[in-house]
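The numbering of the sequence shown is the UniProt record's numbering, which starts it at 1 and goes up by one.
To be clear, the hints were calculated from the coordinates, so they are not data collected in a lab.
Be aware that a few hints might be false.
Pairs of lysine-lysine residues, derived as DSBU-like cross-links and limited to a Cα-Cα distance of at most 35 Å, are as follows [said to hold, decoys possible]:
1. Lys213 - Lys36
2. Lys74 - Lys213
3. Lys279 - Lys168
4. Lys279 - Lys206
5. Lys402 - Lys168
6. Lys402 - Lys36
7. Lys36 - Lys206
8. Lys213 - Lys168
9. Lys5 - Lys74
10. Lys168 - Lys36
11. Lys277 - Lys168
12. Lys279 - Lys36
13. Lys74 - Lys168
14. Lys402 - Lys277
15. Lys402 - Lys6
16. Lys277 - Lys36
17. Lys279 - Lys213
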Amino acid sequence: MNNLKKWLALFALSFGYASIFMIPYAKYVFYDPMMKALNCTNLELGALVSVYVFVGIFTFVPGGWLADRFSARKIITISLVAQGIFTIWFGLAMTMTVAWIVWISFAFTNCFAYWSAVIKGVRLLGDEKNQGKTYGLFEAGFGLSSVIVGSIALAVFGRYTDQIEGFKMVVFVYSGLCILAGILTWSLYDEYMVETKEVAPKVGLKDVFYVLKQPIVWLIAIVIMTTYGLFVGQTYLTPYLTAVVGITVTFSGALSLIRSYGVKLFAGPLGGIIADKMKSPSRMLAVGYVIIMVFLVIFLNLSGEPSLNIVIALMMTIAVVGAGMKGVMWSIVTEANVPRHYTGLAIGTASIIGYLADIVLGPLFGYWMDTYGNAGYNYQFALLIGVCVAGFAAALGIIILKNKAFLTEDAGNARKKISA
């Protein structure tokens, strides 16, 4: 395959990935303006994302089946365009009631249709030996696209003195970019770009139950949950910067944009290179959990009004390590010897547990902030330390079990076991 075509296809997927998740998670950058626009509490704003993920969880496995049965290119394109249309509606009628309906709709455009299709689509662009690098570059492309999209959004927001009006215009920007991403995906991506010797049989209902029974798939789910949970936890540093450190919303938003997306430009590929050099993404992730845990302990022990420079240094270090981990977390599907025709099912199954972080952490962190004020952040840091411990244990489990996984068997033997 022509390398230029591959990189353009990877960019199209990255740009779409950045665009489709910007509005469901808009609070990560526009936390205070979004809360004002919807006239809601911290708990309600956290619950909005939680409901979106809760509904989405029930669609992950069917979505994985869909990704293994139909064209990734078609699924991704339709999802992006539909997302753009729903986002326009939200911008035109920005109330909490409309937000609930739209965010539930996002569960179907994102979790059911788009999610497994795009993660599988990335895997199909790389060979089995450099999956860490492929996913790392995808994460870097996601970071670059997010910085571009986020910078445009911040620039638009900054032109308005009224935060509510500014946020409405940001929503329209996000909707247009989703539709553009759909056009780019249809034009640049083709799942048949890379030739493979593996003959992919049709995936049926028996295969769903077969994948569900495998312990290593659930270990993958725990790794995804903890790695993503650390990312979700970091987003609450946005209100931390304004409430505890005392900086402006615009400055906090800029730092959050760099933390959430900018560091991915180099941390994603670097994480992929390290994982490939170690010949085990799970080993790389295990080391990452330990590093982040140490810095969270330091965060937990900050007292009084901490120095802005110290907070930024701690925040960015955690962000870099976390971005490197998030960039390679899905490559453990390849490390676990999952055949390509089971990729969608494995991703969908792992995502059921993996994205519980959005359901639990949003309302919980919001409740702590509403109830305890600034002291609530200490509870957040303590919980994230526990998340690191759980992730470390799951990564070790994958290292131990990967060579014994059921998925090293061919599909024919798998089906014989099912019918036995």
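Exercise. Which numbered hints turn out to be false for this structure?
Worked result: Checked against the structure, the hints that fail are numbers 1, 3, 5, 6, 7, 8, 11, 12 and 16, while the rest are satisfied.
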